[in-house]
Amino acid sequence: MAEAEGIRVDIEAVKGVIEEKYNNDPENVIMILQDISARYNYLPEETLYVVCRELEIPISLVYSVATFYKAFSLEPRGKYIINICLGTACHVRGAEKIKETLEQRLNIHGGETTEDLKFTLDAVRCVGCCALGPVITVNQKAHGGLNRAKALKVVEKYEKAA
Amino acid sequence: MITFTLNGKQVEAEEGSTILEVAQDYNVKIPTLCNHKALEPAGLCRLCTVELFDGRRTRFVTACNYPVWEDMEVKTHSEDVIGHRKMIVELLLARCPNNEFVKGLAAEFGVEAPRFKLGDDDCVLCGLCVRMCAERMGVSAISMTGRGTDMRVETPFQVKSDICQVCGACESVCPTGRIDVRKIAKYEPRPLVSDWDVGLKERGAIYMPFPQAVPLAAVIDSEACAHIRTGNCGVCKEFCEAGAIDLDQKEEIIEVEVGSIILATGYDLMDTTPMKQYGYGVYPNVFTSLEFERLSNATGPTGGNILMRNGNGELTRPPESVAILHCIGSRDENYHKYCSRVCCMYALKYAHLIKEKVGHKTPVYNFYIDLRCFGKGYEEFYRRCQEEGTIFIRGRPSEITDQALTPKEEGKLIVIGEDTLMNRPCRVAVDMVVLCAAMEARKDTAEVARIFGIIQGADGFFSEQHPKLAPLNTAMGGIFLAGACQGPKDIPDTVAQASGAAARALELAIRGTVEIPSTIAWIDPDVCEGCMTCIKVCDYSAIEFDQQRGVSVVNQTLCNGCGSCVSNCPSKAAHVWQFSEGQILTEFDGIMEGLQAVGM
Amino acid sequence: MNKLQSEKDYESVRDQVKKERDPERLLVSICAGSGCGAYGTEEVREALEKEISKNGLKRKVEVKVTGCHGFCEQGPIMVIHPEGTFYPKVKPGDIPEIVAETIVNGKVIKSKLYKDPVSKKRIAKEEDIPFYKGQHRIVFGNNGMIDPTKIDDYIAVDGYSALVKVLFSMSSEEVISAIKESGLRGRGGGGFPTGIKWETCRKAHGDIRYVMCNADEGDPGAYMDRSLLEGNPHSVLEGMIIGAYAIGSHDGFIYVRNEYPLAVKNIGIAIKQAEEYGLLGKNILGSGFDFTVKISRGGGAFICGESTALMRSLEGQVGRPRAKYIHTVDKGYRDSPSTLNNVETWANVPIIINKGAEWYASLGTERSKGTKVFSLVGKVRNTGLVEVPMGASLRTIIFDIGGGIPKKRKFKAVQTGGPSGGCIPEDLLDLPVDYQRLAEVGSIMGSGGMIVMDQDTCMVDVARYFLEFLQEESCGQCVPCREGIKRLLEILTDICAGNGREGDMELLEELSGTVSKLSLCALGGTAPNPVLSTIRYFRKEYEAHIYDKKCPSGVCKELFYYEIDEKKCNGCHICCLRCPQEAISGEKKKVHTIDQEKCIKCSICYESCKVDAVAIK
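Residue numbers (this note's numbering), protein chains in the order written: chain H, 1 to 162; chain G, 163 to 762; chain C, 763 to 1379.
Okay, chain H solo, but in the shape it has when bound (with noise of 0.2 Å):
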């Protein structure tokens, strides 16, 4: 938790990248934000200013595009983040059971981060393994044809390592 409370941006290393690997470009505001976003965890609200002045276009725009989309949070989100994917396979092979289940092991609802940092929950749609269903991803690896037990687990192995 102190972590988070003292997350540090390093302002010149955001403004680097947008620099040399975007360029400056505007139209690149999504993948800049995306990189911040991979690097953080989420979107501090100071690297959102300096977006906003090194591609000189209004910070409502930049605000705009951060709520727009999904990839997108403003607020601290945890170490671990699970996608559990909400897709018409994953639905109907009973998704909302593993997503009820995630909440009640880690005491959050989706779109939630646990106090201690640890594991941000959310319901996602699709990732593309709908052969796998019910499939959760974490931190963008994929884990399927969960049922509670095994979802559980998964859990685990990660709290372990954290």
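Hints are computed from structural coordinates only; laboratory data are not their basis. The beta carbon of each residue, even a glycine, is placed where N, CA and C say it ideally should be. Hints are supplied without guarantee of correctness; some may be wrong.
Keeping only pairs whose Cα atoms sit at most 27 Å apart, straight-line, the calculated DSS-like set for lysine-lysine is [said to hold, decoys possible]:
1) Lys153(H) / Lys79(H)
2) Lys141(H) / Lys1027(C)
3) Lys780(C) / Lys1117(C)
4) Lys1056(C) / Lys21(H)
5) Lys1056(C) / Lys15(H)
6) Lys1360(C) / Lys97(H)
7) Lys199(G) / Lys1086(C)
8) Lys1312(C) / Lys97(H)
9) Lys322(G) / Lys345(G)
10) Lys853(C) / Lys141(H)
11) Lys150(H) / Lys1169(C)
12) Lys1056(C) / Lys1170(C)
Below, a sample of chain C positions facing chain G; criterion: calculated Cβ distance under 10 Å [to be verified]:
13) Arg1084
14) Leu1232
15) Cys1240
16) Gly1246
17) Ile1247
18) Lys1248
19) Arg1249
20) Ile1253
21) Gly1265
22) Val1277
23) Leu1280
24) Leu1282
Chain H is fixed; fit chains G and C onto it per the hints.
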């Protein structure tokens, strides 16, 4: 040109126009919500949906942005269209069931109670505010954030925006009244107030100067106009059907050659704020005479209703009692010694108006030093006001306060003074106080006097050449005075003086030539050193410098032959015709000889 | 690597690559698609390579990690060529035996073979498995043969030969007419004829044109684009270069979901390799034609699969669609003419060029040509990617290829076309699948998702589910979509919670009409499809929910309860042990009962009962 069928009739339209534009040309009313003349059509509210038959199938398209094409068939009010529009309105009403605008819209479409669960929003997300801010103002202080049902209009991070220029365009286009620029902008909005209504009324950056202005054309406040300041906006152009708005217009200096000039620059009303004892600017219901004039005027901010301010500064209810204080800044050793001449009569007029408009029982107190009702019919009017029950108290009040001493005074303004006729102090509690502020010379009088080479008197007004022999003239030939720029005067006096000044100007114009005195100055160019001393000393600005020859030259029509240049010219190049040094010395010799001859 | 400068250079490289392939050498192909990957391909590969080097077989055996084989249900999949021996669900522990028996001795391990769930027979070869047998894999065929990170693998199967053909022996017009003649239609959803799209774009005003690949596969239940990009990225790239040549474009974009990390990686590698070979970039193969491709990663918005929203997103803006009264082929990305096709469409292009438009047009139905990849998922035995000619019947796909419904459950419906599609009931199972026929029954082709539903699926809940999805994904700018979907969902949620009222179905239908006709873009325009198609075919289920307050499928928790059938219960006690709420009581070998107060309807007992004694009431 494109021909197509609109509601069964053949219509013609220019290529590139939208169905909505063509419908408007043909007086077919299509409802809109998110459309605005000054913005790109967005097609978000879908209220302008019409039915389109393209030869194969029927589709529904939005009229605001669908371009017309040859032979298409459009129905703007088919049963289906009306049904779908009603559903849209029903959805909006379910979203904003308590919003007056949406309720009105629903009534218009005959939608009663929505069949859905009721929300409590005030925003229909038409996006007009956001688009206005981005498209026309180039600012984007607000935007549409989130998506789907979470979409909102807001500033980034819901923090008041520091890039918002507080222009209020968002607020002006919001149909539901949800947008409040004060909640968006970090900086306080500075309302633009009407000079004509002495700040009692707000106005736009583009406005009519006053109701009987000549020419009666709108003007743009260049300091407030977003276009002139930033190059954006320009919304007014979209609305002016006459195409009369030219935002690129620049101020220009026009040179006109004239034979004579009449100065009628008027006066300033004295600022009574420094007179702390009267509380102007502190107590909201202390007004100046000019403010009261607008309040009582039918074209004024209240439409002629005499109203006082409530706690929020809004003019709401009529006063129950009024005090009118004469000679504020006039006949006062600390401000102006002179009498402003008009206050007594307008104060009487105000008393009369209050009685007439607010009610005959409304107490009106006139605090005066002397009542100067010298004009034709004035005294009779004074009598009438006395008969109407206006109370006259002789004595200039010393203070106005809101510190009540008795419960009766609570919430009132108390005028404290001395009734010099009764020789006793007095306190009068009233709702409203009118200060008859002094007329004073305009602030720019000295500057104008310099430009025209005329003289400013000790009272600050322009000086006439002679109070009795030349009251319209100035010391400068061809420049005449009219009205209050010469000294306080009322309307009849001003009209009389102005007519005289006009006659003086015509006198010159009809003659076509100017007689100049024979005794005017002349500078000998062969002797002049070009030191320009003469130019500095000339009271009539009659000497100019000829850059080419490097000598001073006298303008013969302006010169009055006073001789200042002659006596000050170091090189003795200046002379006055008929009064050359030789002539004077010769005359002198003659005088001396004469004196000798008579033995003196 | 030297840049290829001419047609000849390409041919010599291709011949060289082919020559290096030893037909005698054993090839072990392991699927590393996202599906198999999740089941542990990486561990299997490590074990296999270790085992091979332990046995000194490195020269004799080549291990190839390939893209998706399609039969994701059975992952990780291993195929040993040239025999084509197919081992499903391979675990690292199986490796020593496979190496010893099959690789060294050439024997088939019968116990590890695929067992057909219908005939219960073990099947050795990939092509004999019913799942593959019924398919016609022209787009997907090479996935199992190619390591997607190696351009040479693609060239070895004549990859880029279509590009060579186009660049050196066809004019742009000829390419366009070939595509037109082939009858190829967009595989992304709309089904617009690709050739006409290209032609309009070519003829549009302006000097700069763009081509784009839509890899923002957002339909839940569809993942063929993902598998193609992961498994055979060069085929997509080749299609795009050919398209660019035909249209006269020099800049291309691939807009891919950031949720598909492997696809992003593989297409990135493919672009780099193609550039190194001179198949992308300036002066391609010395032909004078220039074309570059950039990858743009999407931010996670279903709506960005819509062309105008995608282009706005490419421009770095919020992905809200605009009215398409002026088409994107005239004014798209940066207001220039732009052609957008999806992954599968692009992958079809080289095939058409190579095999000819006529051959291609011979596949499929009258107005839908070629093949279509479907992702067959949900309550079906053989889930995976299925490529069949247009016009194959739903029954063929679901029962012959898919093996029918597992666990003795009954088929109820198949949902096609993603969230905007519809649910097709059992009596329409013989429907030939093509664009027209699906539209006729109230569904759409979409990108090819095919979700099978059985008796345990509640159709009202399915409609609610899709509307929930669409509400979340609606961009929110236009009133009918934003407010209308919200209200549709509200009514459906009420019905599922037992608060349905008389007139709800009529209101749903009326509101659906407005939403579908007045919405700005196709998302809103098709959003009511799940509602309308379920009302149309499963009206009785709605009526049961609204009037009887019952959910016959046992999904809507407020509307059913579980009860143990006294006649069927054999007292095995399993339900009692598994019940998380301790709501089931009963002694072994005696009839059990459920305490309704305690039951949370989690369905564990229902799913675990071996004798189907737990009934939905």
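A quick look at each hint next to the structure:
1. With a C-alpha separation of about 18 Å, the suggested pair Lys153(H) and Lys79(H) falls inside the 27 Å cut-off, and the hint holds.
2. Restraint check for Lys141(H) and Lys1027(C): satisfied, since their Cα atoms lie roughly 14 Å apart, inside the 27 Å limit.
3. With a CA separation close to 20 Å, the supplied pair Lys780(C) and Lys1117(C) stays within the 27 Å bound.
4. For the suggested pair Lys1056(C) and Lys21(H), the alpha carbons sit about 13 Å apart, so the restraint of at most 27 Å is met.
5. Pair hint Lys1056(C) plus Lys15(H) holds up; C-alpha atoms about 22 Å apart against a cutoff of 27 Å.
6. With a C-alpha separation of about 18 Å, the suggested pairing of Lys1360(C) with Lys97(H) holds against the 27 Å cut-off.
7. Our distance criterion of 27 Å between C-alpha atoms is met by Lys199(G) and Lys1086(C), whose separation comes to about 21 Å.
8. Distance check on the hinted pair: Lys1312(C) and Lys97(H) sit about 21 Å apart at the alpha-carbon level, within 27 Å; holds.
9. Of the supplied pair hints, the one linking Lys322(G) and Lys345(G) holds, its CA atoms being roughly 7 Å apart against a limit of 27 Å.
10. The hinted pair formed by Lys853(C) and Lys141(H) meets the criterion: a straight-line CA distance of about 18 Å does not exceed 27 Å.
11. As the CA atoms of Lys150(H) and Lys1169(C) are separated by approximately 20 Å, the hinted pair is consistent with the 27 Å bound.
12. Straight-line distance between C-alpha atoms of Lys1056(C) and Lys1170(C) comes to about 49 Å, which puts the hinted pair past the 27 Å bound.
13. Hint status for Arg1084(C) relative to chain G: holds, with the closest Cβ pair at about 8 Å, below 10 Å.
14. With its C-beta approaching chain G no nearer than about 9 Å, Leu1232(C) sits inside the 10 Å limit, and its interface hint holds.
15. The criterion of a C-beta within 10 Å of any C-beta in chain G is met by Cys1240(C), whose closest approach is roughly 5 Å, and the hint holds.
16. Nearest Cβ of chain G to the Cβ of Gly1246(C): about 6 Å, under the 10 Å cut. The hint holds.
17. Here the hint on Ile1247(C) is kept, as its CB sits about 8 Å from the closest CB of chain G, short of 10 Å.
18. Restraint check, Lys1248(C) versus chain G: the minimum CB separation of about 5 Å is within 10 Å; hint holds.
19. Interface restraint check: Arg1249(C) against chain G, minimum CB-CB distance 5 Å, threshold 10 Å, status holds.
20. Nearest Cβ of chain G to the Cβ of Ile1253(C): about 8 Å, under the 10 Å cut. The hint holds.
21. Hint status for Gly1265(C): holds, given a least beta-carbon distance of 8 Å to chain G, under 10 Å.
22. Annotation: Val1277(C) was flagged as interfacial toward chain G, and the flag holds, the nearest CB pair being 9 Å apart, inside 10 Å.
23. This hint holds: Leu1280(C) has a C-beta 5 Å from the nearest C-beta of chain G, less than the 10 Å allowed.
24. Against a cut-off of 10 Å between C-beta atoms, the interface hint on Leu1282(C) holds, since the closest Cβ of chain G lies about 6 Å away.
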